[in-house]
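*Asks:* Given next are the chains, with one letter for each unit.
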Amino acid sequence: MRKLRFGILSFAHIHAWSYARVVKELEEAELVAIYDDNPERLKKASETYGVKDTYTDYRELLKRDDIDAVIITSENAKHAELAIAAAEAGKHMIVEKPLATSLEDAERMIRAAEKAGVKLQQAFVMRYHDATVTIKGILERGEIGDVLVITTTNHGKYPGLWFGDPELAGGGAVMDHTVHTADLMRWYTGDEVEEVYAVIGEKIRSELRVEDNALISLKFRKGVIGSIDCSWSRHEGWPIWGDVWLGIIGTEGYIVVDAFRSCINLVVDGKPLTWVYFGSDCDFNMIRDFVRVVEEDKTPRATGYDGYKALEIALAAYESSKKGEPVKLPLR
Amino acid sequence: MALIGCGFIGGVHLGSWKRVKGAKLVAVVDIIEGRAKRAAEEYGVPNYFTDYSKVLEMKEVDIVDVCTPTYTHAEIAVAAMKSGKHVMCEKPIALRLREADEMIQTAKKAGVKFMVAHCLRFWPEYVAAKRIVDEGTIGEPRIARAYRLSPFPEWAPWHKDRRLGGGVFVDMSIHDVDFLRWALGDIESVYARGGVLKTRDSTAHDYTHAILKFKNGAIAYVEGSWIQPPGFPFTTYLEIVGTKGMLTVDNHSTSAVRIFRPGAPTTDFTPVEEDAYYKEIKHFYECVVEDKEPMVTGEEARKTLEVVLAAVKSVEEGKPVKLPLGGEVL
Numbered sequence: 001m002r003k004l005r006f007g008i009l010s011f012a013h014i015h016a017w018s019y020a021r022v023v024k025e026l027e028e029a030e031l032v033a034i035y036d037d038n039p040e041r042l043k044k045a046s047e048t049y050g051v052k053d054t055y056t057d058y059r060e061l062l063k064r065d066d067i068d069a070v071i072i073t074s075e076n077a078k079h080a081e082l083a084i085a086a087a088e089a090g091k092h093m094i095v096e097k098p099l100a101t102s103l104e105d106a107e108r109m110i111r112a113a114e115k116a117g118v119k120l121q122q123a124f125v126m127r128y129h130d131a132t133v134t135i136k137g138i139l140e141r142g143e144i145g146d147v148l149v150i151t152t153t154n155h156g157k158y159p160g161l162w163f164g165d166p167e168l169a170g171g172g173a174v175m176d177h178t179v180h181t182a183d184l185m186r187w188y189t190g191d192e193v194e195e196v197y198a199v200i201g202e203k204i205r206s207e208l209r210v211e212d213n214a215l216i217s218l219k220f221r222k223g224v225i226g227s228i229d230c231s232w233s234r235h236e237g238w239p240i241w242g243d244v245w246l247g248i249i250g251t252e253g254y255i256v257v258d259a260f261r262s263c264i265n266l267v268v269d270g271k272p273l274t275w276v277y278f279g280s281d282c283d284f285n286m287i288r289d290f291v292r293v294v295e296e297d298k299t300p301r302a303t304g305y306d307g308y309k310a311l312e313i314a315l316a317a318y319e320s321s322k323k324g325e326p327v328k329l330p331l332r
Numbered sequence: 001m002a003l004i005g006c007g008f009i010g011g012v013h014l015g016s017w018k019r020v021k022g023a024k025l026v027a028v029v030d031i032i033e034g035r036a037k038r039a040a041e042e043y044g045v046p047n048y049f050t051d052y053s054k055v056l057e058m059k060e061v062d063i064v065d066v067c068t069p070t071y072t073h074a075e076i077a078v079a080a081m082k083s084g085k086h087v088m089c090e091k092p093i094a095l096r097l098r099e100a101d102e103m104i105q106t107a108k109k110a111g112v113k114f115m116v117a118h119c120l121r122f123w124p125e126y127v128a129a130k131r132i133v134d135e136g137t138i139g140e141p142r143i144a145r146a147y148r149l150s151p152f153p154e155w156a157p158w159h160k161d162r163r164l165g166g167g168v169f170v171d172m173s174i175h176d177v178d179f180l181r182w183a184l185g186d187i188e189s190v191y192a193r194g195g196v197l198k199t200r201d202s203t204a205h206d207y208t209h210a211i212l213k214f215k216n217g218a219i220a221y222v223e224g225s226w227i228q229p230p231g232f233p234f235t236t237y238l239e240i241v242g243t244k245g246m247l248t249v250d251n252h253s254t255s256a257v258r259i260f261r262p263g264a265p266t267t268d269f270t271p272v273e274e275d276a277y278y279k280e281i282k283h284f285y286e287c288v289v290e291d292k293e294p295m296v297t298g299e300e301a302r303k304t305l306e307v308v309l310a311a312v313k314s315v316e317e318g319k320p321v322k323l324p325l326g327g328e329v330l
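So the sequences go chain by chain: U and A.
With the working numbering applied, the first sequence covers 1 to 332.
With the working numbering applied, the second sequence covers 1 to 330.
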């Protein structure tokens, strides 16, 4: 079997490490080369995954004919440059979320991929989590009637690194944590958001340069009501990084998804309780599906357009909070 | 003391009044005679009436506990105060601010105690959460989350009329709003989304979520649902995150007791000898006897009412609503 040959463009985003692990694990994939603009991080990744071909210039990596696809896991603001270059080099790609930090960049990325005829898959791993996939089936079969309300949270700890740098991240918790559940709501309803109202709270961590908590209220075109708590509101010592939680009210039932609640309670003497996750490996599912999409020339389950629409909701949340009023979509 | 309104909450209150040392149940009132009679028998109350004015005429009655549907609160409470009775009234205080104002002023003029039964202020986990916030353990509160989910309260069909019960946010989320005001302080503005999403023949909103902005900069998400499927166990959740830490609590994972029976929904709860209703009622009794100010004054309850009414207004107008409210909503 021919393996799909991967390059990883940057290990800046924490998810890069998990994706690299998956590419190594997948029989149908191979991790060929890695790039990072941070030599120290590049060295660490090279050693962790045993990848000898390392680059500090992504153009050199993209020149290689023996690489089919790249995973772009740089800082958010650098996605566009890397993705457009990858498309022009004819590489299929998975782009970490959020797709970009502006709708203009997002659109340029989508157009570049279209023009080059390469796949652009948005890394909405939550569309590949076995819990959310199971619920997608239940909703499609109408098992709880029509969906009326979807309440969601994507709580987290403060991720540190560059996530607090407004230039590199494009924002704080709203930019980081709105898109996953916004996308799930779009996926479940098959509908688009019509109106966004959001309030950004005063910082939990006063030293941050970006917001770390916010509340978002959504209305979909066909009337479904949604909400997102995208806050980095988990303090150090909370037993897990955060959550992806959905309460879905239907005309004939109610569903709760607590996607990362499947955990073992673990205590090491003298240290606080931690939760050790044993549930669905959505990163694995996502990259395996990407390989299939490329091999069979299919459309990704989460496309660049899905990334664009979720980003639009996050950007509308910023605008709404600033104006103190609901904001109508589309933004442009 | 006398209790008016022998429905669900009336029964709960009667059981608690029965246990308060020094208090004596003299009369119960319900417009349905059979219900008044049954309550009198069950709790050993010597008199029962279908007309509340009868207990207002009784000299031996010092306290009146108003447990009637919301739309009758103001009329009954005001009449009781004018008869010189101390009044404990179920939440919401009323449905209109002018009614709340009249209740507050009448109590003052009559020189009687007046408390609104916002029971979360006596509920063990909420009392503990408030203490943790007050002690500064989690620093300055920044973001809170509270919800209360239930099927439609079919046992009280007047809830389907928005002008009688106010809807889910006014009737049920008022608990969370009052608690959050108690723990985090006054509220500056409210944005809410919701409506009549599922319940047939209802003019009252059966689902509402709201984003509250507090004067101290904190924000909160409050969600109230009456559109859970039949048999859904009543569910509450509270989370408060501050600059130094956070707390969460819900009513299921913390239950001390869980009961499974064939053909019946699982029930779970945390029995405590001095439950919230008993503490609430004992507190009001002590306020009367010892001439103390009640935990939830009319003014406090009015502030809470103003917030839930603002949420109704926001749902209907599609815009955030700043407090104070300019006029009536319902």
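To be clear, the hints were calculated from the coordinates, so they are not data collected in a lab.
Note that beta-carbon positions come from the ideal geometry of N, C-alpha and C, so glycine has one too.
Do not take every clue at face value.
Short derived list, chain A residues pointing at chain U, Cβ under 7 Å [what the hints assert, rightly or not]:
(1) Ile211
(2) Pro229
(3) Val241
(4) Gly245
(5) Met246
(6) Val249
In silico BS3-like cross-links for lysine-lysine, where the CA-CA straight-line distance does not exceed 25 Å [said to hold, decoys possible]:
(7) Lys292/A with Lys328/U
(8) Lys292/A with Lys21/A
(9) Lys136/U with Lys271/U
(10) Lys271/U with Lys21/A
(11) Lys322/A with Lys322/U
(12) Lys322/U with Lys130/A
(13) Lys157/U with Lys21/A
(14) Lys219/U with Lys21/A
(15) Lys313/A with Lys323/U
(16) Lys319/A with Lys157/U
(17) Lys18/A with Lys54/A
(18) Lys18/A with Lys323/U
(19) Lys130/A with Lys328/U
(20) Lys52/U with Lys24/U
(21) Lys244/A with Lys203/U
(22) Lys322/U with Lys292/A
(23) Lys323/U with Lys203/U
(24) Lys323/U with Lys292/A
(25) Lys24/U with Lys44/U
(26) Lys215/A with Lys322/U
(27) Lys130/A with Lys203/U
(28) Lys222/U with Lys130/A
(29) Lys322/A with Lys203/U
(30) Lys54/A with Lys222/U
(31) Lys21/A with Lys328/U
(32) Lys215/A with Lys319/A
(33) Lys215/A with Lys323/U
(34) Lys203/U with Lys18/A
(35) Lys54/A with Lys219/U
(36) Lys244/A with Lys219/U
*Asks:* Would you mind marking each hint as holding or not holding in the structure?
*Replies:* We went through each hint and held it up to the structure:
Restraint check, isoleucine 211/A versus chain U: the minimum CB separation of about 5 Å is within 7 Å; hint holds. With a cut of 7 Å, the hint placing proline 229/A at the interface with chain U holds, because the nearest CB-to-CB distance is about 5 Å. The beta carbon of valine 241/A comes within 4 Å of a beta carbon in chain U, closer than 7 Å, and the hint placing it at the interface holds. With a cut of 7 Å, the hint placing glycine 245/A at the interface with chain U holds, because the nearest CB-to-CB distance is about 5 Å.
A distance limit of 7 Å between C-beta atoms decides the matter here; for methionine 246/A the minimum to chain U is near 5 Å, and the interface restraint holds. For valine 249/A, the interface hint is violated, the least distance from its beta-carbon to any beta-carbon of chain U being 14 Å, above 7 Å. For the given pair, lysine 292/A sits about 52 Å from lysine 328/U by alpha-carbon distance, which is inconsistent with the 25 Å threshold. For the suggested pair lysine 292/A and lysine 21/A, the alpha carbons sit about 18 Å apart, so the restraint of at most 25 Å is met.
For the hint linking lysine 136/U to lysine 271/U, the alpha-carbon distance of about 38 Å lies beyond 25 Å, and the restraint is violated. In summary, the hint linking lysine 271/U to lysine 21/A is not supported, as the alpha carbons are separated by about 48 Å, beyond the 25 Å threshold. Only pairs whose Cα atoms come within 25 Å are accepted, and lysine 322/A paired with lysine 322/U is accepted, the gap being roughly 16 Å. This hinted pair does not check out: lysine 322/U and lysine 130/A have alpha carbons roughly 31 Å apart, beyond 25 Å.
For a cut-off of 25 Å, the pair hint linking lysine 157/U to lysine 21/A is broken: about 50 Å separates their Cα positions. As the CA atoms of lysine 219/U and lysine 21/A are separated by approximately 53 Å, the hinted pair breaks the 25 Å bound. This hinted pair checks out: lysine 313/A and lysine 323/U have alpha carbons roughly 20 Å apart, not beyond 25 Å. Distance check on the hinted pair: lysine 319/A and lysine 157/U sit about 31 Å apart at the alpha-carbon level, beyond 25 Å; violated.
Distance restraint check for lysine 18/A and lysine 54/A: the Cα-Cα separation of roughly 21 Å lies within the 25 Å cut-off, and the hinted pair is therefore satisfied. Distance check on the hinted pair: lysine 18/A and lysine 323/U sit about 54 Å apart at the alpha-carbon level, beyond 25 Å; violated. About 38 Å separates the Cα atoms of lysine 130/A and lysine 328/U, which puts this hinted pair outside 25 Å; it is violated. Of the supplied pair hints, the one linking lysine 52/U and lysine 24/U holds, its CA atoms being roughly 14 Å apart against a limit of 25 Å.
Of the pairs offered as hints, the one joining lysine 244/A and lysine 203/U holds, with about 11 Å between alpha carbons and a cut-off of 25 Å not exceeded. At most 25 Å may separate the alpha-carbon atoms for a hinted pair to count; lysine 322/U and lysine 292/A exceed this at roughly 45 Å. Straight-line distance between C-alpha atoms of lysine 323/U and lysine 203/U comes to about 18 Å, which keeps the hinted pair within the 25 Å bound. For the proposed pair lysine 323/U and lysine 292/A, the alpha carbon gap of about 45 Å is over 25 Å, so the pair is violated.
Between the alpha carbons of lysine 24/U and lysine 44/U the distance comes to roughly 16 Å, so the proposed pair stays at or under 25 Å and holds. Taking the CA atoms of lysine 215/A and lysine 322/U, the gap is near 17 Å; set against the 25 Å cutoff, the hint holds. Simply put, lysine 130/A and lysine 203/U have alpha-carbon atoms about 21 Å apart, close enough for the 25 Å limit, and the pair holds. Restraint check for lysine 222/U and lysine 130/A: not satisfied, since their Cα atoms lie roughly 40 Å apart, outside the 25 Å limit.
The suggested pairing of lysine 322/A with lysine 203/U holds, with an alpha-carbon distance near 22 Å, which does not exceed 25 Å. About 54 Å separates the Cα atoms of lysine 54/A and lysine 222/U, which puts this hinted pair outside 25 Å; it is violated. Between lysine 21/A and lysine 328/U the alpha-carbon distance is near 60 Å, which puts this suggested pair outside the 25 Å criterion. Between lysine 215/A and lysine 319/A the CA atoms are separated by roughly 19 Å; this keeps the pair inside 25 Å, and the hint holds.
For the given pair, lysine 215/A sits about 18 Å from lysine 323/U by alpha-carbon distance, which is consistent with the 25 Å threshold. Note on lysine 203/U and lysine 18/A: the hinted pairing is violated, with a Cα-Cα distance of about 49 Å set against a maximum of 25 Å. Among the hinted pairs, lysine 54/A with lysine 219/U is inconsistent with the structure: their alpha-carbon atoms are about 51 Å apart, more than 25 Å. Restraint check: the Cα-Cα separation between lysine 244/A and lysine 219/U comes to about 34 Å, which exceeds 25 Å; the hinted pair is violated.
Checked against the numbered hints given earlier, this structure breaks hints 6, 7, 9, 10, 12, 13, 14, 16, 18, 19, 22, 24, 28, 30, 31, 34, 35 and 36; the rest are met.
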